[in-house]
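Asker: First to last, the protein sequences are chains A and B.
According to the working numbering, the first sequence is numbered sequentially starting from 1.
According to the working numbering, the second sequence is numbered sequentially starting from 1001.
There may be inaccurate statements among the hints.
Claimed, not checked - Derived DSSO-like pairs: lysine-lysine, alpha-carbon spacing no greater than 30 Å straight-line: (1) LYS1050(B) <-> LYS165(A); (2) LYS111(A) <-> LYS78(A); (3) LYS11(A) <-> LYS1050(B); (4) LYS29(A) <-> LYS78(A); (5) LYS11(A) <-> LYS29(A); (6) LYS1024(B) <-> LYS1050(B); (7) LYS32(A) <-> LYS165(A); (8) LYS1024(B) <-> LYS1063(B); (9) LYS162(A) <-> LYS1063(B).
What the hints assert, rightly or not - Quick list of simulated restraints, FRET-style, between CB atoms: (10) GLY107(A) <-> LEU1081(B): 40 to 46 Å; (11) ARG243(A) <-> ASP1227(B): 58 to 64 Å; (12) TYR1170(B) <-> SER193(A): 19 to 25 Å; (13) GLN90(A) <-> ALA1208(B): 57 to 63 Å; (14) ALA1208(B) <-> ARG54(A): 27 to 33 Å; (15) GLY1049(B) <-> ARG54(A): 31 to 37 Å; (16) ASN30(A) <-> GLY1049(B): 45 to 51 Å; (17) TRP1039(B) <-> SER161(A): 23 to 29 Å; (18) PHE1013(B) <-> SER161(A): 28 to 34 Å; (19) ASP1227(B) <-> GLU145(A): 38 to 44 Å; (20) SER193(A) <-> LEU1019(B): 40 to 46 Å.
I should point out that these hints are in silico values taken from the structure, not numbers from a laboratory.
C-beta atoms are modelled at their ideal positions from N, C-alpha and C, and glycine is treated no differently.
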Amino acid sequence: MGQVLVVTSGKGGVGKTTSTAALGAALAKNGKRVAVVDFDVGLRNLDLVMGAERRVVYDFINVASGQARLSQALIRDKRIETLYLLAASQTRDKDALTDDGVKRVIGELRKSFDWVICDSPAGIERGATLAMRHADVAAVVTNPEISSVRDSDRIIGLLDSKTCKAESGEEVDKHLLLTRYDPVRAGRGEMLSLEDVLDILSIPLLGIVPESEDVLRSSNFGLPVTLGSAGSAAANAYRDAARRLEGEDVPVTIPKEGTLLNKLFGRRAA
Amino acid sequence: MSETTQQPYTFRFHGRSFLALVLKPQMPTTEWLAEADKWIARSPGFFSGKPLVIDVTGLSLTKRDFEGLMSGLMIRDIRILGVEGADPSWLGTSLPPLLTRATPAPPSEDVKPACSPPPTSDTTPEPASMLIEGPVRSGQSILFPSGDVTVIGSVASGAEIVAGGSIHVYGALRGRAIAGFNENPDARIFCHRLEAELLAINGYYSTAEELEPQLRQRSVQAWLEHDAVKLATLA
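Construct all of the structure, not just a fragment, from the sequences and the given hints.
Answerer: Written as structure tokens, this is what we have:
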């Protein structure tokens, strides 16, 4: 039986979809069978980041409502053969997903994949609660900003109360994925420090992903950053995070100010 | 030959007790409503979804005053399910019914702590304190009317602890702490690190803006003195 990982945050624009694609590709590259599932019905994005937008025939809603079989809707990645995508529907809304439908689809995916990664929509409404419902593990994507941290805290509260695990007296294994970390701004004290974020959220750290143009560039080419800019610091951070998810003990590296130029600019503006 | 046994419809009812918040207006009621506005501004949504009773015992109200008070509450979206201490002739069909024989806050059965609820059975006496092992997250509301609440962890910004007795937080208190909820002026609030949005004891409150800056981030206790919330660092 595979594990279900929800990538969630509460706040929008913090990097859930990017992280889902990057972690999914990194895990699959290590030989795991991975399905990434887009729960953002009506505002789907994961197909774009995975470069599969032209290949979507059947989607999650079709499968959940019994109009299509799972095998018809799963799109195999062209670069990594153990990586699959279940796209969201762009023409429906979140009410089209039923509790029973989601339960059945996740149950089926769990049987044939090592990892089922659910890309949660922003917010705390139906889409987000359904995405986390069957999770065993959660990656709480957070930016080092106060609003993002507070929303993440709220999401952790929901993970501890509204999931199947929580309702059966168990606990979802929660991890912090700190994204869009800007070493220059961190050096100037313009962002919450890592210590502050860890103190407020008090969950273990899965990784720190630096703010990077590589992420944006890869996404625009329809590539998870772990494939598109495989040598970048962001890709390394996601690869390490994927290894930690697999239970490996990998020390966390805190992104440092990169070039001398960065440092000069950092000082001058401070 | 057909035989049909029709289940007779029965009209059934049960007794069930609920815990309600009791509002006690003071004269003049217009000023009291203005105070209510301040409270709502500081804790938006505090009253929404909570069962509320209004107690006008001992107030020299006329029927017109009372109707004004009720419509004032209605405008503020404070929905009242019952009235105590009013003249029965004031209450027409459009107003909530008169309640009598109330008992002060019985131990609540439907208190749902976010984490590790102390297991209670019918045979054991109601616990006088609640222990929460772990943080209280933003958006969570802990309501424990029958005694003290102790949190081993932090209370997040946007979280709320409401206790009949005192509140102890062995972590950072960043949310709202409302102690002495059942008219208990002796209740206190203790926290390891004060970053609270609001502190209240027995209905008297103090907001983050009013806290002295030198108390921030410190270990602090709060108590009530002459109907005002006082704060001091813990040695």
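Asker: Does each hint fit the structure? Answer for all of them.
Answerer: Against the structure, the hints come out as follows:
1. Distance hint between LYS1050(B) and LYS165(A) is fulfilled; the C-alpha atoms sit about 28 Å from each other, no more than 30 Å.
2. With a C-alpha separation of about 23 Å, the suggested pairing of LYS111(A) with LYS78(A) holds against the 30 Å cut-off.
3. Note on LYS11(A) and LYS1050(B): the hinted pairing holds, with a Cα-Cα distance of about 28 Å set against a maximum of 30 Å.
4. Note on LYS29(A) and LYS78(A): the hinted pairing holds, with a Cα-Cα distance of about 12 Å set against a maximum of 30 Å.
5. Taken as a hint, the LYS11(A) and LYS29(A) pair is honoured in the structure, with Cα atoms around 29 Å apart against an allowance of 30 Å.
6. Under the criterion of a C-alpha separation no larger than 30 Å, the hint pairing LYS1024(B) with LYS1050(B) is consistent with the structure, at around 16 Å.
7. Simply put, LYS32(A) and LYS165(A) have alpha-carbon atoms about 24 Å apart, close enough for the 30 Å limit, and the pair holds.
8. With a C-alpha separation of about 17 Å, the suggested pair LYS1024(B) and LYS1063(B) falls inside the 30 Å cut-off, and the hint holds.
9. Proposed proximity of LYS162(A) and LYS1063(B) is contradicted: the alpha carbons are some 47 Å apart, above 30 Å.
10. Checked against the hint of 40 to 46 Å, the C-beta distance between GLY107(A) and LEU1081(B) comes to roughly 43 Å, which is consistent with it.
11. Take ARG243(A) and ASP1227(B): their Cβ atoms lie about 59 Å apart, and the range 58 to 64 Å holds.
12. At roughly 23 Å, the beta-carbon separation of TYR1170(B) and SER193(A) lies within the given 19 to 25 Å, and the hint holds.
13. As the Cβ distance of GLN90(A) to ALA1208(B) is approximately 43 Å, the hint placing it in 57 to 63 Å is violated.
14. The beta-carbon spacing between ALA1208(B) and ARG54(A), approximately 52 Å, falls outside the hinted interval of 27 to 33 Å.
15. Taken as a hint, the range 31 to 37 Å is violated for the pair GLY1049(B) and ARG54(A), whose Cβ atoms sit roughly 47 Å apart.
16. At about 48 Å, the CB distance of ASN30(A) to GLY1049(B) agrees with the hint of 45 to 51 Å.
17. Range check, TRP1039(B) to SER161(A): about 27 Å between beta-carbon atoms, so the 23 to 29 Å window is met.
18. One distance hint, 28 to 34 Å for the beta-carbon pair PHE1013(B) and SER161(A), holds here, with the actual separation near 32 Å.
19. Separated by about 39 Å at the C-beta atoms, ASP1227(B) and GLU145(A) satisfy the suggested range of 38 to 44 Å.
20. Between SER193(A) and LEU1019(B) the CB atoms are about 42 Å apart, so this pair conforms to the stated range of 40 to 46 Å.
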